[in-house]
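J.: Residue numbers (our numbering): 170 to 517.
If you are wondering where the hints come from, they were derived from the structure by calculation, not from laboratory data. Just so it is clear, CB atoms sit at the ideal spot from N, CA and C, and this is done for glycine as well. Worth double-checking, as some hints may not be accurate.
[Stated by the list, open to error] Mimicking SDA-like on lysine to any residue, the simulated pairs with C-alpha atoms at most 25 Å apart in a straight line are:
| no. | residue 1 | residue 2 |
| --- | --- | --- |
| 1 | LYS229 | SER271 |
| 2 | LYS516 | ALA293 |
| 3 | LYS516 | LYS484 |
| 4 | LYS229 | LEU245 |
| 5 | LYS516 | TRP239 |
| 6 | LYS259 | ASP314 |
| 7 | LYS516 | LYS229 |
[What the hints assert, rightly or not] Restraint-style ranges between C-beta atoms, simulated for each label pair:
| no. | residue 1 | residue 2 | range |
| --- | --- | --- | --- |
| 8 | ASP314 | PRO194 | 51 to 59 Å |
| 9 | GLU196 | LYS484 | 39 to 47 Å |
| 10 | GLY260 | GLY487 | 19 to 27 Å |
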Amino acid sequence: MSIAANADPDSFAAEGLSAQLFRVPIERRTSPLRDLRALVGLVRLFRAHHYALVHSVTPKAGLLAMAAAWLARVPLRIHTFTGQVWATRKGPTRAMLRAIDSLIARFATHVLVDSRSQREFLIANRVGAASKSVVLAEGSICGVDGERFRPDRAARGRARTALGVPEDAVLFLYLGRLSRDKGVLDLAAAFAALAVRNPSAYMLVAGPDEEGLRRQMQGLLAACMDRVRWSDHTDRPEDTMAAADVFCLPSYREGFGQVALEAAATGLPVIASRIYGIVDAVLDGETGLLHPPADADALRAHMETLLLEPDLRRKLGGAGRSRSLRDFSAQRVTQALVEFYAGITAKL
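Construct the entire structure; sequences and hints are all you get.
T.: Shown next, in the form of structure tokens:
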């Protein structure tokens, strides 16, 4: 097995991966000349090693890898879709980005999708044939490690002390990129309205500010900034989640909502948008509460419900952990992928 990525091979070796590692300069942003160089490099790599199977993830890597594998006549070409950036776009931009995903699906011999509702969305938008798209197990690209993501009272105490959050406070958590598509401005507006009437409400916003939205969020939260905590990055999301009482994901688009699954495994009830992808990760009324996307008032109402009803928090959180371990364990998802590989390679 080989791994090709725009990363230092030593970083993969440090993880103990027993694979050949190749650095391929694939950039996230469009750069025609560099993209062409990456495509040529991939074609040469695939031809030199005579791979039977190439598997890609992410749109840019998917387009280049699937095109290169097709040109190199690799017999099995698999791409995994984990969400569509064009889902919230309109006009020519949406059409162009959708066309790229369609092209990826055409180059691929097999398409994997990390949630059933996302697969339905792709089929409805004529991206890939239904006959060659598959969801493994119950969904998720990698499943969840129930030993890593679990309720941990010791970690909770340490994190709350470090954050300056009282033990009796109800801490709402957002963990992810600060971007408009993640609904963070809706979250700020919702928490501001909630905090006015509920002095026990606290919020932690953890993630990189990719679009320069923190200042705008701080403006919305001006009246309650003393109860808002910020964190740019964490290597241990499980500790951040252990500190919280409720997880919020008001996103406008998600392929699956892996972070919601990890929060559920930690025993947190999840408040999230009712959109494709998330509806597979969060069951409304069973493991969390769903609201219409871009509806800050509905989000606030759900936040207030869970703030005031600790028994409901425990019920939803417990059910979420049970479901995540039962249906989405990393072992189950990995085994499903191994069986998928075995099934398609047996026909070579």
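J.: Please go over all the hints and tell whether each is borne out by the structure.
T.: Evaluated hints:
1. For the hint pairing LYS229 with SER271, the CA-to-CA distance comes to about 13 Å; that is within 25 Å, so the pair holds.
2. As the CA atoms of LYS516 and ALA293 are separated by approximately 30 Å, the hinted pair breaks the 25 Å bound.
3. A threshold of 25 Å between alpha carbons decides the hint, and for LYS516 with LYS484 the separation of about 47 Å lies outside it, so the pair is violated.
4. For the proposed pair LYS229 and LEU245, the alpha carbon gap of about 19 Å is at most 25 Å, so the pair holds.
5. A distance of roughly 18 Å separates the Cα atoms of LYS516 and TRP239; the hinted pair therefore holds under the 25 Å criterion.
6. Our distance criterion of 25 Å between C-alpha atoms is broken by LYS259 and ASP314, whose separation comes to about 37 Å.
7. Of the pairs offered as hints, the one joining LYS516 and LYS229 is violated, with about 29 Å between alpha carbons and a cut-off of 25 Å exceeded.
8. Evaluation of the 51 to 59 Å hint for ASP314 and PRO194 yields a failure: the beta carbon distance comes to about 31 Å.
9. Separation of GLU196 from LYS484 is about 46 Å and conforms to the stated range, judged on CB atoms against 39 to 47 Å.
10. The hinted range of 19 to 27 Å is not satisfied by GLY260 and GLY487, whose Cβ atoms lie roughly 45 Å apart.
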